[in-house]
Structure formats: C-alpha cells, structure tokens
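J.: Since the structure of chain A is provided, determine the placement of chain B on it from the hints.
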Amino acid sequence: MQLQEKFRSIFHRGSETPAPARASSHAGSSHASPAHSGPNLSFLKSTRKELQTTRPSRGLEQFFFNLQGQVGLSILDLAGASQQNIDFLTNLGHKVYSANVAYSMDECFGTDPSGQMNPGRIDYFLKSIFDYPPETFDGILMWDSMQFMGPALLNATVERLTDIMRPRSYLLAFFTVNDKVQEVPAFNFRIQDSKTLLVTERGLKPTGHVVNNRSLEKLFGKCESVKFFLSRENLREVIVRR
Amino acid sequence: MSSIPHRVADADSRNTATIGKAVKIVGQIYTKEDLNVDGDVEGTIESQDNKVTIGTTGRVQASVKAREVVIFGQVQGNVEAIDKVDIRREAKLIGDITTARISIEDGALFKGSIDIRKPEPKPAVAGAAGSPAVAAPAAPAAAAPIKTY
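Note that the protein sequences, when read in sequence, are chains A and B.
Residue 183 in the working numbering sits at position 201 of the first sequence; the count goes up by one each step and never skips.
Residue 23 in the working numbering sits at position 10 of the second sequence; the count goes up by one each step and never skips.
Keeping only pairs whose Cα atoms sit at most 20 angstroms apart, straight-line, the calculated DMTMM-like set for lysine to aspartate or glutamate is:
no.	chain 1	residue 1	chain 2	residue 2
1	A	Lys77	B	Glu93
2	B	Lys105	A	Asp113
3	A	Lys204	A	Asp145
4	A	Lys162	A	Glu215
5	A	Lys77	B	Glu133
Derived by calculation from the structure, the hints in this document are not laboratory data.
Same shape as in the complex, but just chain A (with noise of 0.2 angstroms):
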C-alpha cells in the first residue's frame, strides 16, 4: 500500500510540472525515468540546456514600465506559445494572444531568401499571423525575428504592425548590431520577470536586412518614437511607441 502510494505521487509530480520533476528525480527514483522517454532523449534535453542563459533586458524592464499601472491590455506575443510567458503576462492581467512568427516564416518563405520578396508570399505570410482588426494591441513582443527579415518583407511587416497597434501602444524589437556578419543566432525569449530573460539559442540564420538606429527611425517613421538600447550581447532593443 506505502509503495503504490509513493509511486502515485511520483508519477503525479511528474504529470504536473515535467521539468523540475526531472530534476529531482536524481535523488532516488533511478526506475522511473525509462518510463518516461528514452535515453536518448535525456541527452538531447541535456545538451539543448547547456544553450540556455538568462540575461538582463533594459527593453523588456522599459516595455513593461510602460504598461505599468494598466490591466486587461492585448499584449501579442511572436515568440510562440511558452508557459512562462503566458504565466507572466497574463498574471498582470492582461490578455495574451500568441503566435510563432519564427515558424511562420519557415512555412512561408522556407530557407531560400529571395522567397522574401515574393508580393503573394508576403502577403500569405502577413495574412496568416496579423490577421487582426486594426488598432487591436497594447503591446507587441516581436523579439529578434525582424533580424530575419529581408527589407520587402521587413517593410511590409511593420506597415501591418503599426496597422494592428493601438496609439500610444508599444511594441518590442531586438536587431543585432554586428552589420558584419550575415549569420546571427536567433532565440526563444522566456520571460522570467519584468527585466529578465530566459533565451534559448536555436542555431544560426541569415540576416535579411543591416540596421542602424538612422535606418530603424526611418523604418517605424509613422510611429511617435523610438527609443534604443545597447545590451552586452551585441544587440540594440528597441522600444517603438505607435
């Protein structure tokens, strides 16, 4: 009777929260991870951690300083649907909507570059993840996919974001500042509090397009102000307020 019950909180433990329980299972339950997934999975999961940092964010805390005080705010999320952020944002109240834009760039333009400046791709593409009434969001977390983005595309994504932004909303952007190099590391941002952040590197991809603070005022022309900052990881945050 003891052991099925300390096996029935094993394996509830387990079923609640997968990753710490997995961490704790060192201390004495050898047998209860074959069960769970193979061993090479558990490898897997352990190289895939050794990418992870935690860093500081002068963005993310000003993004957040500037919705202080507000709840039920439309924040749309690009970095694809993580526990943490949804627990994060919406634990402030507001209403998260989300969306992976990394992985829809994938699908809609594939590895070749010249996809980018294809009209009906762009226009597909734009479709398929802002395809949201005007004047919809609060705040925007683009992340670091503009990076990414070829200057058709590029301009074509922000004439639809400043569409979908309410005014006087503000939208969160990371662009490398190393115009040297055409392959730069994109990241899954988890947000761990209001100036912290998870990121998970997800290998290298090409740049579509070399940004500097003159060329991004112009890019977000229409909007009310942009505002910089330079981080130790060689990136420029950049807080845009529609």
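T.: Same frame as chain A, now just chain B:
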C-alpha cells in the same frame, strides 16, 4: 480478488465516451461524461462538467466547451474551459482560449488569444468552507462530478 482491477476498468470506461480514430462526426456533440476524441469532429463539442481529451490522432474543427480540455492532436476552433486547458507538446491549436488555468508545453503550436477568467468565488457557506478543498484531492478516483447527474 482478481475482480477488483476489472471493476475499476469498467467504471472508467463507463464514464468516458470515445470517438474512435476512424470516425468522423459533423454536428453538435453534447455529453454528460468525459469524452476522448481520436477521430474527426466538425461542429461543436460541449461537455460542461467533464473533461474533453483530443487524442494525438484527433482532428477537431469545432468550438470546444468543457470543464477541462486536454489537447494532444489538432484543434481549429475556440476552446472554453471552466477549470483548465492543457496543451501538450505535439498539439496544434488555432483558436481563442478562455479558461481559469492553462498549461502549455514547449513545442506546442498555438495561434490565438488566451483570456484567463478566474471563476467567481462562491458565497461562503458558514463553517464548511475549508474542509472540501482539503478533502477533494484525497479521493480523486471517485469521479464525484459525474454523480451529480
């Protein structure tokens, strides 16, 4: 002796309806028991006080309304759960979610909005407020909500 496990299995299957892999339903589904969807459904699914599970082979083009919704397969439509929505790693959901709690695994594909609506606290009944919350997890297999019908 050996009849105990059989009885437990029978009780479980009696409380869960299943739409099999090879089944396609177009229309409205309303059920008063838990529902597993392994086939195709177009229309609406409603199981107000129970749990709806969309299996790995399940393909649903419907709005889903239940106490708890667990998604392993594909859903295109709005999902409304009184208690919890659970989106597993291989799931694909395009639609808006309204729920009190949400769990989403990394790798799941989701496009839509999430509206967290905490259930309104019931007016406290004098003296009995604390004890049911403690007692409920102690007997999870009892499937108490089903007996309300």
